[in-house]
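Fit chain F with the ligand to the known structure of chain H by using the hints.
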Amino acid sequence: MTEFSHQLKEALSLVQKPGRYTGGEPGCTYKDKSKVDVRMAFCFPDTYEVGMSFLGEKILYELLNRHENWWCERAFMPWVDMKEQMERLNIPLYCLESKDPLSDFDIVGFTLEYELCYTNILAMLRMSGIPLRAADRDESWPLVIAGGPCVCNAEPMADFFDIMQLGEGEQMLQDVCAAMEYAKKNGLNKEQLLLNLAKIPGLYVPSFYDVTYEEDGRIRSIKPNRPGVPEKVTKAIVKDMDSFPPPENFVVPIVGAIQDRASVEVLRGCVRGCRFCQAGQIYRPFRERSPKLISDCARILCRNTGYDELSLTSLSTSDHSRLEEILDNLNSWAEADHVSLSLPSLRVDNFSESLVEKTTRVRKSGLTFAAEAGTQRLRDVINKNVTWDQIERGCRIAFREGYTSVKLYFMMGLPTETMEDIKGIADTAQQVVDLFYKIPDRPKGKGVQVTISVACFVPKPDTPFQFCAQDTREQLREKQKYLLSCVHSRKIKVNYHDSATSVLEGIFAKGDRRLGKVIETAFNHGAFFDTWEEYFDYDRWLQAFAECGIDPNFYNYRTLALDEVTPWSHLDVGVSQAFLAREYQKALRAETTQPCNRQCSGCGANKLLGGPCFAYDQNQL
Amino acid sequence: MLTIRISFEKRAEAAYISLLDLQRVFQRILKRSGLPVYYTQGFNPHIYLSFASPLSLGQESLCESCEIKTAEENPDLASWKETLQPYMPKGIVIRSVAPAQEKSSEIGFADYTITLPLSAEDALIAYNESETAMVSKKTKRGSHEVDLKNYIPRLEYTKEGDGLSFSVRMPCASGEGVNLNPSLLLAHLQQTHAIPPWQCEVLRTQLYTKNGAIFC
Ligand code: SF4
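First to last, the sequence lines map onto chains H and F.
Here the first sequence is numbered in the working numbering, starting from 1 and rising by one per residue.
Here the second sequence is numbered in the working numbering, starting from 1001 and rising by one per residue.
Bound conformation, chain H alone:
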């Protein structure tokens, strides 16, 4: 049994929800540390509740721990009260399973899910006593690595990481652990280890690249500074989704995670090509798992974890070509096993009655539709191929099925957007309200509630809108005010997200490695938990930029030239710059692009598969 130190007991007695810091949840892995060769600390730079909701960590935790001689444990960012107690009592940040400090591990890995968690990474390193900068760590320190979607423009964090994983971690992270095992057994120094790591597909060693700049601040070139290091790092993918079955067990959190249910990833990538969506580009190409594998693994997962709710996750689950077959498979056992199904990312355009029936046996609370823009013109610009007729059809079915509340997601600050488009958001919501009252067999005795949820658009790298400047806060405020003035019904609620965090997100999304010192400065001035509004301090960030002599507007308020060398131009996620430029120009002409399963638009991502993404002639679509 792991002993808790007196200090840890003291800290735990003084904080809220101490169960977040103890480990020991059903499903977690314990090993004898004297018998393992590689120890990895899998760190999530946000709270336990947020981190325990992410599927990626669960996948990799299971994969690594299948190796008898490796032990992967978990660490999360302690909440403010616990951080304070740990600092007061000199408790270094530890992994939940062994309670050993992060500095005892061979590999300390962070998942970079969103830009605003960057300061938390520094906070976690500092709490572990690990030097922040890669250059200050020799082989006596853990190898500090990163993975996750933000690695597609890893540059703002380049100074802090020894290596970064571009793409999907299933194979890559196992290769990293194997390289670490080899390095330890053969006494390699850090440089030798890094050189070996640089050979692994998808692995990026930031210190092996030099960046030069033009006088106006733009990048001139990014070049490897060692022989044998590739000019471009190409994203790693799992070519055949059935070759890595989904996890059959999860660590089941005791203190409530946000997503506390079983989930199975049914496909990866997205066929749609929405131009604002980074995930839709960087996870290309589209790959599916087969229905039987999904169903079998889901059943084992539910049995192992005791979850009674199963969600089928992916960027766009209803685009699975055999979705009905998956649901039929699942429904053959779900009821007997007391498991209910949910599809989190239903799309309005292929939302059918039989689909609703197969998934909503239990819960009929709310329904969400991502319309993203208020007018057809703007939806064409962003290539969100959804029409009002489809929204209407989806809502009509939903209302008849007993739903009474609808949430509509929109973005504000999209390229080419005018006030007409903003008004369109309110009009769309009003049309949904009117529709409800026109339906004779609507749920009786209840009113309808339409919620408009508006997010600020942030241009992201590797999307056709990477070239665009972000709207300023003033522009966004004005649009927000106008939107409110266009809403005339009490059945409509508007949720709006503050734009200050989006500004920072925009800067880091498209930033380069010069921003490392800004992040470090802001952190030294007390920035962490920037995702949490109560701790986010915009002025502190402005001060950090000023102290470092860096103009933040250069990164997010500037339109990029189509042939500009971007900070991420050496990180190849599959889609080519030429494709992105082409799509951007089509966007400006409000021309749409076909989804990948209808017609290939030649984005270049198929090279990762080594062949075409779809067998078009056999496609029944």
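What the hints contain is simulated information worked out from the structure, not anything from laboratory work.
Some hints here could point you the wrong way.
Stated by the list, open to error - Straight-line distance between alpha carbons at most 20 Å, and here's what the computed SDA-like set of lysine to any residue pairs gives:
1) H:K33 / H:Y182
2) F:K1031 / H:E309
3) H:K9 / F:F1026
4) H:K407 / H:K446
5) H:K35 / H:Q7
6) H:K9 / F:S1056
7) H:K9 / F:N1181
8) H:K223 / H:T234
9) H:K9 / F:G1058
10) H:K9 / F:G1161
11) F:K1031 / H:W333
12) H:K586 / H:D563
13) F:K1210 / F:E1102
14) H:K17 / F:R1024
15) H:K438 / H:M419
16) H:K17 / F:F1026
17) H:K407 / H:T451
Just chain F with the ligand now, with coordinates in the frame of chain H:
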């Protein structure tokens, strides 16, 4: 309907699981087990579960218990234990699964082993010498003063390694009866001699009925 008592240890990591979370854990594990346990009727059926005299967060126990029900007449309870244990959180060790002999409302007393830092010796001597040991106890109806000496006249401690330890029996009744939590004693030591409660460890070792028979 047969009432079954699951007796278990709750130590280390598991000491930090709150009652509410523990209820969820048991619901989930029992459900997953597929064992023929009784579900409450109604719109949202859930497994009938009742935890007897749950501990405060951070305290450990060798004798926690939870009641469930079953419609089976002769359930194979030995296999129940085997079925449930592998899914329990770390620190929860099932000691027995057996038909309940007594109602949990019969619980009257509990034994605790309390471990304190050596520096607490003066506080214990002072406790033993003083006439009264007042501490305020919060209840649903407000707070009132309790004299601990009425229940625990002396603390017979021994030195062990770098700590002191003693065992104490305290009233532990549910409902109308007297119920004293060891944290009251720790609060008293903190107030009088500034002994930090987090340096003290509490382990509940046994529960007794009002008649003094072992409950679990
Ligand atoms: S290569 Fe064609 S089909 Fe494949 S992801 Fe790119 S656009 Fe889609």
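Comparing the hints with the structure gives:
1. The hinted pair formed by H:K33 and H:Y182 meets the criterion: a straight-line CA distance of about 18 Å does not exceed 20 Å.
2. Straight-line distance between C-alpha atoms of F:K1031 and H:E309 comes to about 13 Å, which keeps the hinted pair within the 20 Å bound.
3. For the suggested pair H:K9 and F:F1026, the alpha carbons sit about 25 Å apart, so the restraint of at most 20 Å is broken.
4. Distance check on the hinted pair: H:K407 and H:K446 sit about 16 Å apart at the alpha-carbon level, within 20 Å; holds.
5. Our distance criterion of 20 Å between C-alpha atoms is broken by H:K35 and H:Q7, whose separation comes to about 27 Å.
6. Simply put, H:K9 and F:S1056 have alpha-carbon atoms about 14 Å apart, close enough for the 20 Å limit, and the pair holds.
7. A hinted pair counts as satisfied when its Cα atoms are at most 20 Å apart, and H:K9 with F:N1181 qualifies at roughly 19 Å.
8. For the proposed pair H:K223 and H:T234, the alpha carbon gap of about 15 Å is at most 20 Å, so the pair holds.
9. Of the supplied pair hints, the one linking H:K9 and F:G1058 holds, its CA atoms being roughly 8 Å apart against a limit of 20 Å.
10. The hinted pair formed by H:K9 and F:G1161 meets the criterion: a straight-line CA distance of about 19 Å does not exceed 20 Å.
11. About 16 Å separates the Cα atoms of F:K1031 and H:W333, which keeps this hinted pair within 20 Å; it holds.
12. Annotation: proposed proximity of H:K586 to H:D563 holds, straight-line Cα distance about 16 Å (limit 20 Å).
13. Proposed proximity of F:K1210 and F:E1102 is supported: the alpha carbons are some 11 Å apart, at most 20 Å.
14. A distance of roughly 15 Å separates the Cα atoms of H:K17 and F:R1024; the hinted pair therefore holds under the 20 Å criterion.
15. A threshold of 20 Å between alpha carbons decides the hint, and for H:K438 with H:M419 the separation of about 29 Å lies outside it, so the pair is violated.
16. For the hint pairing H:K17 with F:F1026, the CA-to-CA distance comes to about 19 Å; that is within 20 Å, so the pair holds.
17. Proximity of H:K407 to H:T451 is assessed by CA-CA distance (about 5 Å); at most 20 Å being required, the pair is judged to hold.
The earlier numbered hints that this structure contradicts are 3, 5 and 15.
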